[in-house]
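Given only the sequences and the hints, what does the whole structure look like? Please build it.
In order, the protein sequence lines correspond to chains A and B.
Reminder that position 77 of the first sequence reads as 77 in the numbering used here, one-by-one numbering, no gaps.
If you want the numbering used here, it's the position in the second sequence, counting the first as 1, plus 144.
One or more of the hints may lead you astray.
[Said to hold, decoys possible] Calculated cross-link-like contacts (lysine to aspartate or glutamate; reagent style EDC-like; alpha-carbon spacing at most 20 Å):
#, chain 1, residue 1, chain 2, residue 2
1, B, K161, A, D138
2, A, K144, B, D163
3, A, K144, B, D162
4, A, K144, B, D165
Quick caveat, the hints were computed from the structure, so don't treat them as lab data.
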Amino acid sequence: MCGHVGSGRLGLDSLVRRKSFISGGSAGALVCVIAWVFPGAGHLWLGRVQKGTVFFIVLPLMYLIGLWLEGQVFSFDLSQPLVALAALADFGIGLPYLLTRFFGAGEGRVVAVTYEYGNTFLVVAGLLNSLVVLDAYDIALGRK
Amino acid sequence: MLVFSAFVSVVFAVLTKDDVDSQIRTGVILFAGFGGACILLGWAMYPFPL
Numbered sequence: 001m002c003g004h005v006g007s008g009r010l011g012l013d014s015l016v017r018r019k020s021f022i023s024g025g026s027a028g029a030l031v032c033v034i035a036w037v038f039p040g041a042g043h044l045w046l047g048r049v050q051k052g053t054v055f056f057i058v059l060p061l062m063y064l065i066g067l068w069l070e071g072q073v074f075s076f077d078l079s080q081p082l083v084a085l086a087a088l089a090d091f092g093i094g095l096p097y098l099l100t101r102f103f104g105a106g107e108g109r110v111v112a113v114t115y116e117y118g119n120t121f122l123v124v125a126g127l128l129n130s131l132v133v134l135d136a137y138d139i140a141l142g143r144k
Numbered sequence: 145m146l147v148f149s150a151f152v153s154v155v156f157a158v159l160t161k162d163d164v165d166s167q168i169r170t171g172v173i174l175f176a177g178f179g180g181a182c183i184l185l186g187w188a189m190y191p192f193p194l
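Here it is, written out as structure tokens:
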């Protein structure tokens, strides 16, 4: 029983240390950056392992399906507002977006039957990760 | 569409609920809602020309 209480105490101390670290300075922004770069990593870092694991698997998988369906990863083109908005949404997925742009993948094939489906997967994966980032930020500030 | 609905339902359920039972319940409701809405909207759009 003592061991059980002790381990619980250790867990609480760890949580208190983590909370005090998070509340200091611009740590909330740091959580946002981590959560944006690696989908789910913000939750994992904040100790929400179950949520973080699900996001870590589901969001990149959704993005990959979007690429597989020959969707296009849009680049920022302010002369075309809708394309710029789609690029902003794609950008929300973080590292997968950067890797895709770096390796020149995600060109898309407009005549493919699945083109629009692929775009939808890519855009929604980015938008969902943006929500995940905001959720991680709320957790970091102790709002949730 | 069903795959897309499943992914979105999972993310929203995990995002909004903290315990696993609530997450499963919410995910199933969302998934059923997505599927049902798609079928209903599909039928509603049936009379319109392409």
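Given pair status - D162(B), K144(A), alpha carbons within 20 Å:
Answer holds: K144(A) to D162(B) is near 10 Å, not above 20 Å.
Given the hint that K144(A) pairs with D163(B), test it: the Cα-Cα distance must not exceed 20 Å.
Within the cut-off at roughly 14 Å; holds.
Between K144(A) and D165(B), does the CA-CA distance stay at or below 20 Å?
holds (19 Å)
Mind checking the alpha carbons of K161(B) and D138(A) for me, to see if they're no more than 20 Å apart?
holds (14 Å)
Of the numbered hints stated above, none is contradicted by the structure.
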